Amino acid sequence: MIPLTLNACIVLSAVLFAIGFLGVLIRRNTLVIYMCLELMLVASTLALVAFSRFNGTLDGNVFVFFILTVAAAEVAVGLAIIVALFRRRQTIEVEKLNALKD
Amino acid sequence: MPITLLQTLAATNDWRSIAPEIFLGCLGLALLGLEMLLPKKEHGVIPFAAILGQGGLLIAVLAGFHHAADGPAMKTFGGLIQHDRIGEMFRVFFLITAVLVSVLGAVALAKQRMPKTEFFAIVSVVTAAMMLLVQSNHFVMLFVALETVTVGFYILVSYTRTNPLSLEAGLKYLITGALSSGLLLFGIVLLYGVGGLNGLKGTSDSAMNFGALQNFLAQNPDNFLAAAGIVLVLAGVAFKIGAVPFQIWVPDVYQGAPTPVTAFLAVGSKAAGFAVLLTLAQVFSAYAPLVTSVLGVMAAATILFGNLAALSQGNVKRLIGLSGVSHAGYLLLGVIATLHGQVLAQGAVIFYLFGYLLASFAVFGVMTHLAGEDDADQRREHYAGLGRTHPFLAVVLAIGLGSLAGIPPLAGFMGKLLVFIVAFKARLYWLLAVAVVGVVLSIYYYFSWIREAFFEEPNDPGATRQPARTPVGLIPGLVLTLLAAASVLLGFYQGGLAGIIGLR
Chain A
1 MIPLTLNACI VLSAVLFAIG FLGVLIRRNT LVIYMCLELM LVASTLALVA FSRFNGTLDG
61 NVFVFFILTV AAAEVAVGLA IIVALFRRRQ TIEVEKLNAL KD
Chain B
1 MPITLLQTLA ATNDWRSIAP EIFLGCLGLA LLGLEMLLPK KEHGVIPFAA ILGQGGLLIA
61 VLAGFHHAAD GPAMKTFGGL IQHDRIGEMF RVFFLITAVL VSVLGAVALA KQRMPKTEFF
121 AIVSVVTAAM MLLVQSNHFV MLFVALETVT VGFYILVSYT RTNPLSLEAG LKYLITGALS
181 SGLLLFGIVL LYGVGGLNGL KGTSDSAMNF GALQNFLAQN PDNFLAAAGI VLVLAGVAFK
241 IGAVPFQIWV PDVYQGAPTP VTAFLAVGSK AAGFAVLLTL AQVFSAYAPL VTSVLGVMAA
301 ATILFGNLAA LSQGNVKRLI GLSGVSHAGY LLLGVIATLH GQVLAQGAVI FYLFGYLLAS
361 FAVFGVMTHL AGEDDADQRR EHYAGLGRTH PFLAVVLAIG LGSLAGIPPL AGFMGKLLVF
421 IVAFKARLYW LLAVAVVGVV LSIYYYFSWI REAFFEEPND PGATRQPART PVGLIPGLVL
481 TLLAAASVLL GFYQGGLAGI IGLR
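So the sequence lines, in the order shown, correspond to chains A and B. So for the first sequence, my numbering puts the first residue at 1; every next one is plus one. So for the second sequence, my numbering puts the first residue at 1; every next one is plus one.
Hint data in this document are derived by calculation from the structure and do not stem from the laboratory. Do not rely on the hints blindly, as some may be mistaken.
Pairs of lysine-lysine, DSS-like flavour, derived with a Cα cap of 30 Å [said to hold, decoys possible]:
#1 B:K40 with B:K116
#2 A:K101 with B:K116
#3 B:K111 with B:K41
#4 B:K111 with A:K101
#5 B:K116 with B:K41
#6 B:K201 with B:K75
Computed Cβ-Cβ distance ranges for the label pairs, DEER-style [claimed, not checked]:
#7 A:N29 with B:D377: 40 to 48 Å
#8 A:I26 with B:D377: 31 to 39 Å
#9 A:N29 with B:P289: 52 to 60 Å
#10 A:I26 with B:G499: 50 to 58 Å
#11 B:P289 with A:R53: 27 to 35 Å
Being a predicted model, the structure only gives us computed values, none of them experimental. Ideal Cβ positions, reconstructed from N, Cα and C, are used throughout, including at glycine.
This is chain A alone, in the form it adopts within the complex:
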């Protein structure tokens, strides 16, 4: 079994963050993009808790609560926009959302 080291946690969170970031760039469905955005936030949270644990400082653990609150607010507003848009346009595929142009 691999011992739980700081490096292992940071690498894991960096990989999760990269998956989320690439997902935002590559995926076509808005809801999946939104899940990838949340994955990025959660990856940051994981790194934060790991640093807090191994450095023995408290700030990181406290910051996590703020991030959770902010993410919840973001989801509430974001899903509302997605639902309203789906009602108007009957689609949330990004390549079909191209009405804004010169």
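Start from chain A and add chain B according to the hints.
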């Protein structure tokens, strides 16, 4: 945790020092309460109440300005917030922005069948968050304030929720904004982690505090993780100011958002980004070579891209958005100059922002009056014949665009001159050359817009239908006159503002 530690922290909670922000938050709630209490036919007073509240607060902050700004820099709330001269100036800046956005909002919302109160409430809350953002001295405060601003803007951009274009703009802003928040957050986490890492010099218990972080970075000037964190944080902020390569959202979001919100994004959000950047440039000063090269490449690309892309735009909201991208590039020059030890550079950036505020709101004010039912459809052809039918609006437009283009003797010219002087003193010669090319390019599209207003006639009244122009009311007319007059006056006489900013 010992109770005495909590007590000493709580002793620094000076609630009076953030009274303006608290007042704005309460104003937002009070407006919502007013809507519930007043009968429906008296809802017309709500915009006036919002403008009155924000304007009264602006006067109060101005009255106490010297008392607050001339004292020593003060840290409150356990080091979360720092009160200093620059923070106080940005407070004034954002309050002016809020009043102007509310005035434009009252004009624009009158044309829509939409709930109106929430607009003013959210503008108040977002303004309070911006004011806290520029005064933050700790990454937790910075992140939470920035997110409050961003989430508020998601709602404002998609405010006309019956219009699919506004919703599409909201979704695009949502995705890019959340992406930038993610980058910023990961950067903060890396800086926090490396700043407390066992075995390094100068580590701290609270590495998210700007002072502690600056101290740590100064003692570890070549740490890879810290460098990665700095680049990620800069990328997150670059999204907010719309710098290349993080400008992709600008044209679409500016086009789809209601015009007052576009103005708020162009002026308020950008100024907030630059205020943060000015603070962070000091915190990251130990990594000046890295920060300078990142921001330098970004500035050159931003100036060129913004101006070249704006050349071919026929929709004036996209045009003003892309020209705003290029303005962010000029401002980046000033930020880079602060890293080269130019003491006047901060003042130059703030002066530029004030000139940009006056000119932008003059232009957006005219745009609000010319917009029809569909807010996203504002083409340059709609301005044909404006000089003959509405000479007042046309003159205000010409002064605003001239100031944005940097024509002497308007305020925009003085702002560009000051930024270019500090950049010259900092020996940023190649960036200056790019900036001058950019200014020359920008004259073309600004002036073809002015020419359209003064020298063109609507060629075929049937083919390109112009939306009905809103008559100019008393308060918006007064505000537009003030903006245009201030743009001219500030070009001739900078003494007052320059003295306050600390340019001499």
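To see whether the hints hold, each was checked on the structure:
1. B:K40 with B:K116: holds (12 Å)
2. A:K101 with B:K116: OK: K101 of chain A and K116 of chain B at ~28 Å, within 30 Å.
3. B:K111 with B:K41: holds (17 Å)
4. B:K111 with A:K101: Between K111 of chain B and K101 of chain A the Cα gap is close to 23 Å, so the pair holds against 30 Å.
5. B:K116 with B:K41: Measuring from Cα to Cα gives roughly 13 Å; hence the hint holds.
6. B:K201 with B:K75: Holds, because 25 Å separates the two Cα atoms, which is no more than 30 Å.
7. A:N29 with B:D377: 40 to 48 Å: violated (29 Å)
8. A:I26 with B:D377: 31 to 39 Å: holds (32 Å)
9. A:N29 with B:P289: 52 to 60 Å: violated (42 Å)
10. A:I26 with B:G499: 50 to 58 Å: At roughly 53 Å between Cβ atoms, G499 of chain B and I26 of chain A fall inside 50 to 58 Å, so the hint holds.
11. B:P289 with A:R53: 27 to 35 Å: holds (33 Å)
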